[in-house]
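Chains as they are written, first to last, in the numbering used here: chain A, 1 to 529; chain B, 1 to 321; chain C, 1 to 297.
It should be emphasised that the hints constitute simulated quantities derived from the structure, not laboratory data. Do not take every clue at face value.
As the list claims (entries may be wrong) - Just a sample of chain A residues kept apart from chain C, beta carbon distances all over 12 Å, derived:
id : residue
1  : 84
2  : 98
3  : 130
4  : 132
5  : 246
6  : 272
7  : 279
8  : 302
9  : 318
10 : 383
11 : 389
12 : 407
Unchecked claim - Below, in silico cross-link-like pairs of lysine to aspartate or glutamate (DMTMM-like), each with a Cα-Cα straight-line distance of 25 Å or less:
id : chain 1 : residue 1 : chain 2 : residue 2
13 : B       : 10        : C       : 27
14 : A       : 393       : A       : 466
15 : A       : 204       : B       : 57
16 : A       : 411       : A       : 466
17 : A       : 502       : A       : 156
18 : B       : 10        : C       : 133
19 : A       : 280       : A       : 152
20 : A       : 128       : B       : 57
21 : A       : 411       : B       : 57
22 : A       : 502       : B       : 57
23 : A       : 118       : A       : 38
24 : A       : 146       : A       : 377
For each residue, glycine too, the CB sits at the ideal point set by N, CA and C.
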Amino acid sequence: MPILRTTVSLLAAATLAVTVAACAPSKKQSNSNASGNDATLTIASTTDVVNLNPLLGNSRTDDWVTDLMYPRLLTINADGSKQPYLAKEWGYTNGGMTGYFVLRSDFKWSDGTPVTAKDVAYTLNTIKTQNPKGGVVNGFMTNMVKATAVSDTRVEISMKRPDSILVPEVGFWTVIVPAEQFGQHNPVDQFTNSSNWLSAGPYKLTSIVKGQSYTLTRVTPYPMAPGGTPTVSKVVYKIYPDVNTEILALEKGDVDVIANALPPAQVAVLQKQSGITLEKVPGLGFTHMTYNMKRKPLDNVLVRQALAHAVDYNAIRNVAVQGQAISANSSPITPSLAKYADPSWKEYTYDPTLSKQLLQQAGVHNLKLNMIYSMQDPVIAAWATIVKDDAAKAGITINLQGMDRNTYLAKTTSGDYDIYAGSFAIMDEPVSNMALQYLPDGAINYSQVNDPKLTSLIEQAQGTTDQSKIKSLVQQAATYVRDNVIDNIMYVQNLYVAHSSKWTNFTIKPSELLSIVDPQSLANVKKSG
Amino acid sequence: MPPLAAFILKRLGRAVLTMWFAITVTFLLLRLLPGDPAVAVASTNMDAGMRHQLLKEYGLTQPLFTQYVKYLDQLLHGNLGQSFTQSQPVSSVLMARLPWTLLLTGSALVLTVLVGVPLGVIAATHAGAAMDRLVQTAGVVGQSLFVPSVGIFLLFFLGLRLKLLPIGGAYDENAYGAGWYLSVLQHLALPCLSLVLVSLGSYVLTMRATLIDSLGEEYCLLARSKGVSERTVVWRHALRNALLPTTTLLGLQLGFLVGGAVLTETIFAYPGVGRAIYEAVTQLDYPVLQGSFVLLAGTVVLANMLTDLAYGLLDARVRTA
Amino acid sequence: MTATAEITSVTAEPTADDPSAAAQTWDEFRRNPLGLIPLAVLAALALIAVFAPLLAHYPGGYGSAVLQPPSAAHWFGTDNLGRDIFAEVVYGTRVSMLVAVCSSALAIALGVLLGVLGAYFRRIDNVIGTVVDLCLSLPVLPLTILVAALAGPSLRTIILIIAFFSWPEVARVVRSQALAVVNLPYVDAARVIGGRHSWILRRHLLPAVAPVIVVSIVLTASRAVLSEAGLAFLGLGDPNSWSWGRVLYEAQQSGAMSSAWWTTLFPSLAILLLVVAATLIAIAYNDARNPRTRQRV
């Protein structure tokens, strides 16, 4: 019967498709290590892994996964201070012309070979000479000449001139890779690192299902876990492109942790839920707007001041960020940096009338500007409309241009914008940060500023190691930045992450990069019940 | 030339033309619309010389026509190119996602047919009555639903509140052996249901309309006057002819579903090709985009060929035309 | 995929010279509650769109009552920035209907033009027919996403994109209807007599194709609403104007969909209402003019 035939052939075709799909990677029995509990920790993220080569820059989830395999020289505490990790000592010798790291000897790659100074030297030199695509570390290496493995546990960096920021910043931001494995690929950009992973612990990738999950199993020895053994046998990163589905999954118990920062509006909601614990991740960075000083009339300080007074900072903090942010007092040295912050700094007032006056003084009428921001940042996207509406009250028209990340990055680097809105996750070393932000050729000079006075202040701070002098100089520089609206620092956001209450003993580190999914944290978590 | 061979040859020619068209349109759109492919390949704060070198390697510095010819040549050798952002061949990027898309759309289509045919028959045989109106309205409502809202709703009630089904993903990483297949089915249920709800509507409506027409045709009147039971008239005679345009609709829907399930895959965290395309768009990963359109065009062509074949099986008139 | 496909099964009638056919169709249509009610709903939505400022203040800025459930003060609740969702949905009616009308108008214009020309001038019919088929086989949603992402989010882009992907369907349907008419004896007769092409097209073809156009407009417009919502949901919509898709997008971005049901429900219902009403009208209209599905039979 023809109908039957059609139905059968349709069903056959469909069944074929189904069977083909079902023959996807078959499961193997999970083999857990001898001791320790067999628990699996499932972590949800909204962004998929793009590439697993840690020397290349890319998505958040890339970093979370690779951080579990490749060690940093230094880690950072919630108060912003650098702490030992792979390196147990670090500093300068030779009149500040040589930087050094002294390494621990108990980190091992998962093939049994020790992590040595050779790996560190290889990593640093490769970043310096090849400047891998998207990496940020190269920006700190202006004054570095070369890294040398003086012994198995000592790395020395020869420098062009004394630079107080090189060692601590390179130490924290670099992730050390195995020289043997990565060294076989030249240029290193081409190395996809998609199999045969070597990990220095606490976990190592064992399987990948693109777009869905990344499974890591524990690796021993890992010096930072009790008895050298990470407490969890398996860590699985699961990808949920939609944050709503992600939250539902946590509420149900399909996942144990949400690694990405929660949307501010959901913090209060989830706090009320039993079975879910929220952790506050202190903000060490800031969110800001910069005005492109290479474009008229933004080169006029009066205009920039007018713009600064046309923003209702309180409303933004209370509504868009739901009160989960503190004022930065309009200074690039935020209150989080207790050592350097000056309590006399005050935030720009929200005063549209003043803005109008300033604009008149500057002789500017009908000011029209465009503002770029990344659509991947929902909090900024949310307050962008508030900024636009506030500016309208001062007679300023702002055209919002939210864009995809790559275009946003491109426009940012080429300086193709009037107003830039964005945020930095960790801005804990004022000298280093200011050098990158306010020196004319700084890698993140989004204000497009070239001010001799500011440059001089920063360069002086770079060239000395006297802490009290540094403090005085950076405070002067910050005051200058604030008064001249070279940068409009709006707030420091405290992020919240959520996890199932069944899991405890997370270590909280600053910024979304580390938060509670930092390797030391995940190697020590415990499941109760 | 024997009619069957001519039929097949004509279909093949059309298939090739369709694929060429899809590839060219995509290629042109990517190159002519604003949006700089170079930003995905090489960071703009890279040394200018190095950047130019990288762009050259990816062939982005050559004139448009040269790039086009090279790309076609590459395609003919079965090479879909290298992803800009993932440093992997496009084919491996897409092939990793394809099985899930096939599973999702395949099962959705099967269910659509299994449920849609009886519903269409009910509506057509009760044309104008309350039952018909009900099915019609349900069908219209179905195809007017906004998928993400439906998805979240299903996840919230069936996943979270009733804890019947898992929330997101294609399977449970901890399952193995027979349990793995079960977990695949469990994870498939909700996204499949969403797709079925939306595609069922148009399928039922088309089936109903064509059945009504067929039932009014002379051959049905003849059959009835010969004393054939109404049921046989419907199921054996009218339905067979009604299946013709509905099969074409299925073919169209397959092509639509493979690429169009983006919203479903996003909400349900289902790792299919649709979502991969969306991510490639936001990352400006041109080779993956181009490759995926080749894939989609290929699927549509294949679906059309299959439906034409089914058509040919069903309707002898087509073969001899 | 909508019910446009079913239109092809309806035979053509030379309604051009038959003035009472229109009256008959309307008579039949009136009898069908599934036609009248949706028509009333559509009219209501159009009124809401036109008189939006009388119904609510333009949603803007921010409020302190963030993500509040529906209450006396806020009938549809508030969104993640404390804005009134009722206002957003009301003003969204304007934008969504504007997008629907404009994109379908463009699609219809192009589709009718090419469909009729192709049917009438057999020489170019092959070319047009092939182009239409090729365009129909393009993967619509991925291409829509691609173009929207590259061209940048704006209402104008969205309208153009949706129109660009809707016209082949219209052309196909119009062409097959026109083809049926073109072959009728009186059209041939008109040509033989030496009637000018434009006269024949205007007097005979267009009226014959008119019913199909009516249905196409309605269906294309309703599909446009869903397309716009889908694009906005993916972040490719216009962030400067309020459309139903944007309300859903804001709900999605702020995680409100997982906890604040009102942020999702009301815009989704609005979309559902418009699309269902439009589609039911199209079906009822189709049934009304097709003798086979008329009640009397």
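The hints, checked one at a time:
Remark: the non-interface label on residue 84 of chain A is consistent with the geometry, its nearest Cβ contact in chain C lying 37 Å away (cut-off 12 Å). Once the 12 Å rule is applied to beta carbons, residue 98 of chain A is consistent with being away from chain C; the minimum gap is 49 Å. The non-interface label for residue 130 of chain A is consistent with chain C: the shortest C-beta to C-beta separation is roughly 31 Å, beyond 12 Å. Listed as a non-interface residue, residue 132 of chain A keeps its Cβ farther than 12 Å from every Cβ of chain C; the least gap is roughly 26 Å.
Residue-level check failed: residue 246 of chain A sits 8 Å from the nearest beta carbon of chain C, not beyond 12 Å. Residue 272 of chain A, annotated as away from the interface, has a beta carbon of chain C within 12 Å; the closest lies near 10 Å. Every CB of chain C lies more than 12 Å from the CB of residue 279 of chain A, the least distance being 17 Å, so the non-interface label holds. Interface exclusion of residue 302 of chain A from chain C stands, the closest Cβ pair being 27 Å apart, more than 12 Å.
With 12 Å as the threshold on Cβ separation, the claim that residue 318 of chain A sits away from chain C is violated: the shortest Cβ distance comes to roughly 7 Å. Non-interface call for residue 383 of chain A relative to chain C: violated, since the shortest CB-CB distance, roughly 8 Å, does not exceed 12 Å. Not every CB of chain C is more than 12 Å from the CB of residue 389 of chain A (nearest about 5 Å), against its label as outside the interface. Against chain C, the non-interface label of residue 407 of chain A is violated: not every CB pair exceeds 12 Å, the least being about 9 Å.
Distance hint between residue 10 of chain B and residue 27 of chain C is unfulfilled; the C-alpha atoms sit about 46 Å from each other, more than 25 Å. With a C-alpha separation of about 47 Å, the suggested pair residue 393 of chain A and residue 466 of chain A falls outside the 25 Å cut-off, and the hint is violated. Our distance criterion of 25 Å between C-alpha atoms is broken by residue 204 of chain A and residue 57 of chain B, whose separation comes to about 33 Å. As the CA atoms of residue 411 of chain A and residue 466 of chain A are separated by approximately 38 Å, the hinted pair breaks the 25 Å bound.
A C-alpha spacing of about 45 Å is found between residue 502 of chain A and residue 156 of chain A, which places the hinted pair above 25 Å, so the restraint is violated. Straight-line distance between C-alpha atoms of residue 10 of chain B and residue 133 of chain C comes to about 14 Å, which keeps the hinted pair within the 25 Å bound. Restraint check for residue 280 of chain A and residue 152 of chain A: the C-alpha separation of about 39 Å exceeds 25 Å, so the hint is violated. Restraint check for residue 128 of chain A and residue 57 of chain B: satisfied, since their Cα atoms lie roughly 22 Å apart, inside the 25 Å limit.
Restraint check: the Cα-Cα separation between residue 411 of chain A and residue 57 of chain B comes to about 23 Å, which is no more than 25 Å; the hinted pair holds. Only pairs whose Cα atoms come within 25 Å are accepted, and residue 502 of chain A paired with residue 57 of chain B is rejected, the gap being roughly 51 Å. Taking the CA atoms of residue 118 of chain A and residue 38 of chain A, the gap is near 35 Å; set against the 25 Å cutoff, the hint is violated. Proposed proximity of residue 146 of chain A and residue 377 of chain A is contradicted: the alpha carbons are some 37 Å apart, above 25 Å.
The structure does not agree with the numbered hints 5, 6, 9, 10, 11, 12, 13, 14, 15, 16, 17, 19, 22, 23, 24 stated previously, though it agrees with the rest.
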